[in-house]
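Keeping their order, the protein sequence lines are chains A and B. Numbered by the working numbering, the letters in the first sequence go through residues 2 to 113 in order. Numbered by the working numbering, the letters in the second sequence go through residues 27 to 176 in order.
No lab work stands behind these hints: they were computed from the structure. A few of these clues could be false.
Claimed, not checked - Here are the simulated DSSO-like pairs of lysine-lysine, each with C-alpha atoms no more than 27 angstroms apart in a straight line:
no. : chain 1 : residue 1 : chain 2 : residue 2
1   : B       : Lys33     : A       : Lys95
2   : A       : Lys95     : A       : Lys57
3   : B       : Lys58     : A       : Lys60
4   : A       : Lys75     : B       : Lys58
5   : A       : Lys57     : A       : Lys9
6   : A       : Lys57     : B       : Lys33
7   : A       : Lys9      : B       : Lys58
8   : A       : Lys104    : A       : Lys75
9   : A       : Lys75     : A       : Lys60
10  : B       : Lys129    : A       : Lys104
The chain contents come next:
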Amino acid sequence: MTTNKNEKFNAVTQMDEQSCTVFVSGEMDLSVAPDFRLVMEPLVGNAEQDLIVNMKDLKYIDSTGIGILLSILKARHGMNASFAVEEVPSNIQKLFEMTGIAKFFAPQENSH
Amino acid sequence: MKADTQKVILNLPATAEFVDVVRLNLYGIASKMGFSYEDIEDMKVAVSEACNNSVLYAYGQDGGHIDVIFEIGEDTLSIIVEDEGESFETVKEMADQTTLHDKELSDVQIGGLGFYLMQALMDDVRIENVAGQGTRVTMSKSLARSEERV
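Only chain A is shown next, with the shape it has when bound in the complex:
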């Protein structure tokens, strides 16, 4: 295994019967937007599963990343499927609230 640089963007997908969780880490910016889109694309269409992005190790997001989340929200909304984010760091939650995207995410239970 090569050592990953701390800030480098990475996305790992975990699935069970009910849900699909994508663990993102590093910096989600313009340069990795195509990578994130590629990871999410095949998952968005599955209405049977809850789709969740875990942001525990996400260091940074820009408007491009927020734009992708927004397009996923729209797609999921259109097919009556949920889309949620969990363990959002405070610096990123602040941006979600400032831009107004926060209210569109499905509420998450705290128990985990």
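Knowing the structure of chain A, use the given hints to seat chain B on it.
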């Protein structure tokens, strides 16, 4: 105390891969000046959005360069992001963009949040653009003010 400002100037390829280099430099300079973690995070987002605009809109496919100038004052950091590209007509569109707060998901347009974030996260933002000569975004944040605010 020195009254004059000190400058750090970066000249980078206008590609998405170099925007993180701007963030790293910003982090170094802002933490040296004594900005709080939260303020530095705010500035990182704002400056990256300005760079993103240059990368996305200024040079089409040709690739060009962005100048990022950090002006280090006594208690104010000004950051200028400058390109010599076509200059984005989107500036006006962007200025018209609002947040998503009053919108339904079905009415939401993707994009345009970058400009809003710049305005919201810095104390002052100025955008000048001359057709065919490029765009200059000047933004600043001051230490004292950000301390009072919290």
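Here's how the hints hold up against the structure:
A threshold of 27 angstroms between alpha carbons decides the hint, and for Lys33 (chain B) with Lys95 (chain A) the separation of about 30 angstroms lies outside it, so the pair is violated. With a C-alpha separation of about 15 angstroms, the suggested pairing of Lys95 (chain A) with Lys57 (chain A) holds against the 27 angstroms cut-off. At roughly 21 angstroms between alpha-carbon atoms, Lys58 (chain B) and Lys60 (chain A) fall within 27 angstroms of each other, so this suggested pair holds. Between Lys75 (chain A) and Lys58 (chain B), the direct Cα distance comes to roughly 42 angstroms. Violation of the 27 angstroms bound is thereby established for this hinted pair.
Restraint check for Lys57 (chain A) and Lys9 (chain A): satisfied, since their Cα atoms lie roughly 14 angstroms apart, inside the 27 angstroms limit. With a C-alpha separation of about 36 angstroms, the suggested pairing of Lys57 (chain A) with Lys33 (chain B) is violated against the 27 angstroms cut-off. For the suggested pair Lys9 (chain A) and Lys58 (chain B), the alpha carbons sit about 24 angstroms apart, so the restraint of at most 27 angstroms is met. Taken as a hint, the Lys104 (chain A) and Lys75 (chain A) pair is honoured in the structure, with Cα atoms around 13 angstroms apart against an allowance of 27 angstroms.
Under the criterion of a C-alpha separation no larger than 27 angstroms, the hint pairing Lys75 (chain A) with Lys60 (chain A) is consistent with the structure, at around 24 angstroms. Distance hint between Lys129 (chain B) and Lys104 (chain A) is fulfilled; the C-alpha atoms sit about 10 angstroms from each other, no more than 27 angstroms.
Comparing the model with each earlier hint shows violations of hints 1, 4 and 6; every other hint is respected.
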